[in-house]
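These protein sequence lines are chains A and B, in that order.
Counting in the numbering used here, the first sequence runs from 1 upward without gaps.
Counting in the numbering used here, the second sequence runs from 1 upward without gaps.
Heads up, a few of these hints could be off.
[To be verified] Computed list of lysine-lysine pairs in PhoX-like fashion (alpha-carbon distance at most 25 Å, straight line): (1) Lys70(B) / Lys104(B); (2) Lys9(A) / Lys36(B); (3) Lys104(B) / Lys9(A); (4) Lys36(B) / Lys67(B); (5) Lys56(B) / Lys104(B); (6) Lys57(A) / Lys104(B); (7) Lys104(B) / Lys68(B); (8) Lys68(B) / Lys56(B); (9) Lys70(B) / Lys36(B).
[Unchecked claim] Sample of chain A residues at the chain B side, in silico, Cβ under 7 Å: (10) Gly42; (11) Gly105; (12) Pro106.
Keep in mind that the hints were calculated from the coordinates and are not lab data.
Think of the CB as a built atom: it goes at the ideal place given N, C-alpha and C, for glycine as much as any other residue.
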Amino acid sequence: DSGVTQTPKHLITATGQRVTLRCSPRSGDLSVYWYQQSLDQGLQFLIQYYNGEERAKGNILERFSAQQFPDLHSELNLSSLELGDSALYFCASSLTGVADTQYFGPGTRLTVL
Amino acid sequence: GEDVEQSLFLSVREGDSSVINCTYTDSSSTYLYWYKQEPGAGLQLLTYIFSNMDMKQDQRLTVLLNKKDKHLSLRIADTQTGDSAIYFCAETSNQAGTALIFGKGTTLSVSS
Numbered sequence: 001d002s003g004v005t006q007t008p009k010h011l012i013t014a015t016g017q018r019v020t021l022r023c024s025p026r027s028g029d030l031s032v033y034w035y036q037q038s039l040d041q042g043l044q045f046l047i048q049y050y051n052g053e054e055r056a057k058g059n060i061l062e063r064f065s066a067q068q069f070p071d072l073h074s075e076l077n078l079s080s081l082e083l084g085d086s087a088l089y090f091c092a093s094s095l096t097g098v099a100d101t102q103y104f105g106p107g108t109r110l111t112v113l
Numbered sequence: 001g002e003d004v005e006q007s008l009f010l011s012v013r014e015g016d017s018s019v020i021n022c023t024y025t026d027s028s029s030t031y032l033y034w035y036k037q038e039p040g041a042g043l044q045l046l047t048y049i050f051s052n053m054d055m056k057q058d059q060r061l062t063v064l065l066n067k068k069d070k071h072l073s074l075r076i077a078d079t080q081t082g083d084s085a086i087y088f089c090a091e092t093s094n095q096a097g098t099a100l101i102f103g104k105g106t107t108l109s110v111s112s
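When you get a sec, could you build the whole thing from the sequences and use the hints?
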C-alpha cells in the first residue's frame, strides 16, 4: 500500500458526460501528479500540482482540468467524454515535487460507453 | 524528443535470473526508476538509481546504469512466479517539471 488513495475504483459512463476523479496524497506529500494509462498511448503524464498551484502540464486535453485543494487532495475533471478517454487514471504523490520519488495510487478505471 | 524504449516481453523459468533492459534519452535525468504493475493493480515502486551511480543492489534486484549508452537494466535473481508482472522503466522529463516518462513496459512471464 503506497498510502495514496483514489476514488472511485471503477467508473462507467456515457459519451458526452462529465466525471470527477479524486486523489488523496500520502501524508506529508505536497505534490500530486495525474497520469493516464491506455493500451495505445501507454502511461502518459497529464498534470502536476504542488501545494495547490499548477506546476507542470503534459498531454492533457482541454476537456480535462484538475485542481489541488488546501487539504492537498486533488480532483481530475473529465468532460465531454469520448470513447477514447476510456483508460486507467493514476494519481501519484511526492514530498516536494522536485526530483523526488513518486508513489502511485491504485488507479481509477474509466469506461466510456 | 523524450522516449524510453523497452522490449515488450520476457519469458523465464522459475529460479532463473531475469534481465529487463531499457534505453532512455535524457542524459540530465537525476533519477531513473523501475516500477512494477501486477494485473489489475497500480504501479509499485521497485527501485531507483541516482544518475551518478553505476549499480544499485536491493535484495534480489540489481540495477545497472550505463550513462554513456543511456542504458538501464533490472536484474531479478531467483525469479519466482510472483514476479510475473509488467515492469516499467521511467526517467524524469526535462520538459515537464519532474513528471515521469515511462517506457511501454516489459511483460515478464515466469513459468514453473
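Structure-based check of each hint:
1. Lys70(B) / Lys104(B): holds, 17 Å
2. Lys9(A) / Lys36(B): holds, 19 Å
3. Lys104(B) / Lys9(A): holds, 23 Å
4. Lys36(B) / Lys67(B): Distance of about 23 Å is within 25 Å: holds.
5. Lys56(B) / Lys104(B): Roughly 23 Å between the alpha carbons, so the hint for lysine 56(B) and lysine 104(B) holds.
6. Lys57(A) / Lys104(B): holds, 21 Å
7. Lys104(B) / Lys68(B): holds, 22 Å
8. Lys68(B) / Lys56(B): Holds, at roughly 17 Å.
9. Lys70(B) / Lys36(B): holds, 21 Å
10. Gly42: Holds, about 5 Å.
11. Gly105: holds, 6 Å
12. Pro106: Given a least distance of 4 Å, the restraint on proline 106(A) holds.
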